[in-house]
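These are the residues of each chain, in order.
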Amino acid sequence: MSVVTIERKVLEKNDAFAAENRRRLAEARLFAINVVSSPGAGKTSLLEHTIQRLDGRLRISVVEGDVQTDLDAQRVARYGAPVVQIVTNGGCHLEAKLVQDALARLDLAATDLLVIENVGNLVCPANYDLGEAMKVVLLSTTEGDDKPLKYPAMFRNASVLVVNKIDLLPYVPCDVDTLVGNARTINPALRVFQVSCTTGAGLDDWCTWLAAQVTALRA
Amino acid sequence: MHELGLAQSIVDIIRANVPAGRAAGVREVRLRVGETAGVLVESLEFCFGVAVVGTPYASAVLVVDRVPGHDLQVVSVELDDDPAGGGTP
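In the order they appear, the protein sequences are chains H and V. Quick note: the first sequence uses my numbering, first residue 1, plus one each step. Quick note: the second sequence uses my numbering, first residue 1, plus one each step.
Hints are computed from structural coordinates only; laboratory data are not their basis. Ideal placement from N, C-alpha and C gives every residue a C-beta, glycine not left out. Be aware that one or more of the hints could be misleading.
[As the list claims (entries may be wrong)] Now the stretches of chain H that chain V is said to cover, found in silico as 3 or more residues with beta-carbon under 8 Å:
| id | stretch |
| --- | --- |
| 1 | 2 to 12 |
| 2 | 117 to 129 |
| 3 | 151 to 161 |
Please put together the full structure from these sequences, using the hints given.
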């Protein structure tokens with residue numbers, strides 16, 4: 001018997017594609033976010049409202065990830081944003097190579113903000129770097145305030161938490177302070193926004209912050 | 001099923017690091033898996049068994065060392081120096 005030492009990261013190929021994506025995005029001087037959440041938390045709704053509110057201020061391009069259909073790409077395209085749909089055919093997360101292929105179909109020079117909407121899944125996307133500046137995790141009040149403790153990797157790897165559907169707080173057993181407290185137990189540095197895509201509450205703060213990230217990147 | 005993708009990546013890494021002439025001698029593949037790497041080890045072991053079907057590594061066994069942190073690494077492979085009927089890629 002002999003032993004061959006290897007010492008290679010299992011995800012090294014993904015990480016190499018992610019580094020290449022990050023280099024390209026830096027070259028184009030655009031701000032890229034990887035939006036993650038469980039299915040139905042409101043990623044696409046947040047995106048629709050963000051595009052509308054930032055219309056004329058930021059040029060937003062979108063990469064949509066879904067297991068099946070281009071329904072989300074159709075929703076986003078209605079607001080005039082360039083969008084590329086990735087269909088994973090069962091894959092539970094986006095990988096950096098898929099995003100690289102999508103980037104080739106977008107005009108990065110004409111983009112200020114790139115939003116990558118990941119596959120709805122609070123588990124697997126946490127471990128795949130796509131080359132983004134940061135992960136934004138979305139959690140809706142209907143999912144319950146214990147979710148950050150149950151899915152810690154996602155909250156540890158994200159920089160921003162957007163709590164969606166705060167208009168439903170009177171009707172659901174979710175305490176938003178407990179939710180945010182749980183999230184910050186996992187990741188004390190999390191920046192938190194509380195929004196409702198139905199009433200529009202909190203969306204101005206979110207959009208102002210996004211625009212400031214783009215400005216800071218180009219200063 | 002992201003463990004299947006991981007298993008496929010492990011097979012790719014073995015292929016890239018073991019000379020083709022010794023591929024049939026791979027008996028054991030040692031992995032380091034962090035407690036927070038987001039990997040279900042039982043599922044990865046099952047998927048590895050699927051990923052090696054039809055490869056020279058079909059008889060290889062996955063050996064997992066659990067460690068703290070996010071590590072997910074292929075550490076080493078153990079080879080039969082003179083596998084029976086071996087040497088053919």
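**Request:** Identify every previously stated hint that the structure contradicts and give their numbers, smallest first.
**Result:** none
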